[in-house]
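Asks: If you want the building blocks of each chain, they are given just below.
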Amino acid sequence: MVGQEIGVGTLGFRGVPVGEISQLVGGPETESVGIYLTVSGSASGHIMLMYDPQMAHGFVDMLMGQPPGSTQSLGDMEASALGELGNIMGSSFLNALADATGLTLMPSPPIVMRDMAGALLDVIAADILLTQDDAFVAETSFNAPDRDITGQFFVIPTRDLLKALMDSREAA
Amino acid sequence: VIAQSTNQRTDIVLGLGQLHAAKEADTVLVCLGLGSCIGLSVYDPVSKVGGMAHMVLPSSSEGRSNGQQSPKFVDCAIPLLLDQMKELGALRSRMIIKIVGGAQMVNMNGSIGVLNIGDRNVEATKSALTSLGLPLHGADTGGNHGRTARLFLNSGKFLVSIAGGAGREL
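Protein chains in written order, with my numbering: chain X, 29 to 200; chain U, 5 to 174.
If we strip away everything but chain X, and leave its shape as in the complex, we get (with noise of 0.2 Å):
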């Protein structure tokens, strides 16, 4: 679908207090465009990949193959297109920690939606701060080749896929 490549930066875990994670995308009154998808399998958790509206239009534009700027708003086709995007982002990075820690790991089908930030990360909120007060957040960017598209992914694992991630990090 996307026909060119999207460069992916490291992934790592750092702790987050679950309430400073809108602060991650500019505030919870941010107005953003999340794409969320849950992780089941051996462990539980959480992924979110959050833009600002502008820039998910530019993502609809490149997984669609039209100049920049074509996208103003997010219809049914668009919303499916960050979808899309959400899978393949979601699938590839559980693959590569399945691969690392033998865990399976799946993502569930992709949800879009634009609203205030705190207001989309709530959803995590409420299932992370049921057990803790922190969250483990892995934050990259990503970029296209031939345009200027970064973004932010977060994955926030529950306690259980923590703890499996450590635990399979210790035997290695």
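Don't take each hint at face value.
[Stated by the list, open to error] Quick list of in silico lysine to any residue cross-link-like pairs, SDA-like style, CA-CA up to 25 Å:
(1) X:Lys191 <-> U:Gln72
(2) U:Lys161 <-> X:Gly55
(3) X:Lys191 <-> U:Leu119
(4) U:Lys52 <-> U:Gln72
(5) U:Lys130 <-> X:Thr159
[Claimed, not checked] Which bits of chain X does chain U cover? Going by a derived footprint, with three or more residues having C-beta under 8 Å, they are:
(6) 43–57
(7) 142–149
(8) 152–163
FYI, nobody ran anything at the bench for these hints, they're computed from the structure. These numbers come from a predicted model, not from an experiment. Ideal Cβ positions, reconstructed from N, Cα and C, are used throughout, including at glycine.
Guided by the hints, dock chain U onto chain X, whose structure is given.
Replies: Leaving out everything else, chain U in the frame of chain X:
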């Protein structure tokens, strides 16, 4: 709690699981980008004491929450906020109470997340207020969109806004 001051006013922005009571007239209490969370606003128009809580989860005593005592839970936040307001001179019988938030941001079957969290937060808030004998004076809850809430302590004005929209008074 993040305080941002200008000449005219001080905005006190409450993060997830935070609450604040104040009586300074230039204070505006703010919850930004509420999704499934609840913004609880309480105001005593006579003493001009106001309070707000940004609550994330319904109950400290169910399932995985495992008895943690924290204002991120509705059942912990409400009594704590009312106590702090009473210390500043607010009277229960005069309290004007409004809630916003409790949206259902995603609708996933078999989600690993907390199911129907928005609805359950609204219900937990209403039943906690009822059991304390406190009436609810206004609510803008549910749906599938985020909200921002602002309480102005000089007047008791309570504004709710959505992404890309102007605020409206509740």
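Asks: Could you check the structure against the hints above and give me the numbers of any it violates, in ascending order?
Replies: Per hint list: single violation, 4.
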